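Asker: I would like the entire structure built from these sequences, with the hints used as guidance.
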Amino acid sequence: MNLFKFAIKNLVQRKTRSAITVASIGIAIAVLFTVLSFNQGYESALRNQIQKMGIHIMVIPIGCPYEAASLILKGGEIPNYLPQSVLDEVRKMDGIEIAAPVLIHGIVKPDEGRTDIYAGIDSSMFRLKNWLRIDGGFFRKDDDIILGSDASLIELSKTGDQIYLPEYDRTFDVVGVLRPTGTEDDGFFYLPLATAQKTFSREGKITGISIRLKNPAAAARIARQLENIPQAEVITMSELLGTMLSLVGSVKTLILSIVIIIIAISTFSVFNTILMSVFERVREIGIMIATGANRGHVFGLIWLESVILSLSGGFAGLVLAIVASRGIEGIVKKFLPLAPKESVISLRPEIFLYTLGFMLIVGIGAGFYPAFLAARHKPTDALRGE
Amino acid sequence: MIWTLIVFNSLCVWRFPDRDLKEIFNADAYETKLVSMTEEQQSDIEKRLGAELDPDETEFKFFLVTRKGEPAGVVSTHLSKGQYGAIEVVVGFVRDADEKTTKIKAVRIQRDREKAHAALRGAKFLDQFIGKTPQDKFQVGDDIKAAAEGAEKSSAAVAFAVKKMMVVYDVLFPAE
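Which chain is which? The protein sequence lines are S and G, in order. So that you can map any letter, position 138 of the first sequence is 138 in my numbering, and since no number is skipped, the others follow by simple counting. So that you can map any letter, position 43 of the second sequence is 43 in my numbering, and since no number is skipped, the others follow by simple counting.
Because the hints were derived from the structure by calculation, they are not lab data. Here the structure is a predicted model, which is why all the values come from computation and not from measurement. Positions of the beta carbon are idealized from the N, C-alpha and C atoms, including for glycine. Careful, some of the hints might be misleading.
With a straight-line cut-off of 30 Å between C-alpha atoms, the simulated DSSO-like cross-links for lysine-lysine are [said to hold, decoys possible]: (1) K115(G) - K158(S); (2) K137(G) - K103(G); (3) K141(S) - K22(G); (4) K158(S) - K153(G); (5) K158(S) - K105(G); (6) K61(G) - K205(S); (7) K22(G) - K158(S); (8) K109(S) - K105(G); (9) K109(S) - K124(G); (10) K15(S) - K5(S); (11) K109(S) - K22(G).
Heads up, incomplete: computed chain G residues facing chain S, CB under 10 Å, no partners named [said to hold, decoys possible]: (12) V13; (13) R15; (14) S80; (15) Q83; (16) Y84; (17) Q110; (18) H117; (19) A119.
Answerer: Now the structure itself:
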């Protein structure tokens, strides 16, 4: 029987203890793998989403800029407004390719358990977000409305139908429905900017301006110029991305610290399991040595048992993480400051290999002392044990 | 005109179960039952409705209500196309043990954006459905009066949704 089969047999003989050790390592590894996968996935998904927006700078009312920018991107309503004159100033500046205003207005319906989000826009928004496709057409008159794909589904409405706003006693003709984008745009009701301002009594006011630059490298310089506009707060998308990532980074550091503690406990669990088995097998090890096994064989056997135990736990944890990743993702997204629609957990092969490599080191480390102790046994120890 | 009466069971959530359970059945518990239909049952439902089901409608959701552990009735919800957007209808019904038929206990509108919003949700319109069975016509202008003048289309959408769920339940859970 070779050393590997012998090690497996020894572990199987103590199956309850081995299973508990594998389970404890498995849970720790599942959490570690998910945290590492989340870190990579979230950053890349957030970067993609922000790049996909084609927006380099946002001008918003003075207040907490990151909260406001996040709310505008997610379609939330912020209580402050910019005067529309700011839009004219921005459009006159050099280096601006598109400046698209938006007025966001939410109608909260507590008795229906939902909120409708209306966005007042002009044609510049569709030039800015040039990936948007409409089934139907753009606004031709004041009382036209375009529905996001989800809004269309929720209202069972399509081009040619009418939508009534009971809160404002206004009827709109549906002139277009956006094709699904996988972003918050899908849930919006779009109105002509002037119509939205008049309907919601926000004449001359806008919630923000999304800007695309002719040269994205000039973002910092143009942002400084924009900051001279009174009442306006300026945020570049790279700043927003950095803030979002640093917010998540703090949470990630905390979680990683907890994971390291869990893994340390799991390592001691492996150490304890192997050490206990060495103490219990004094006679067996003594007989092995008496019948010709050298100390290297004994050391290798015990060490191998530790490595097998750790790697089994590692594999179990990875399987658990992969199976549960979608569920974990759903929970994690609820708590993110700006949750991208695409997947935030990236199951990459290199993370898989890092995790298994880490467990190999744990197995080697945890098994060293018990293996060393076992290799020092003498045949007479077995007789003394009798 | 059938296209204006499209209703979906699967798309509609039950928004206020606690409130509806108390008001309709004075109950506080329910169990969700998802039922698939056979081709034969589909054909029967479509024949009785005089309209085809949507191709996506392969299963239906019913909420079986209990009061102190005893069956108290059934609730079903529907998303229906109104004149100015969607209308979400909640239907509560009971099976009459003696007459072996299903009777409506209450109808509620949980979401709409109709111009006749108040009339559509009012007792004058909704109470007309109480006591009706799957065998009734549910025809606006016949056994159902429109909620208001000019609200015939939305009234018909509600009436059709209610009839449809009564018929579907009757076919999927035939009286013994």
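Asker: Any of the earlier hints contradicted here, and which numbers?
Answerer: 3, 5, 6, 7 and 19
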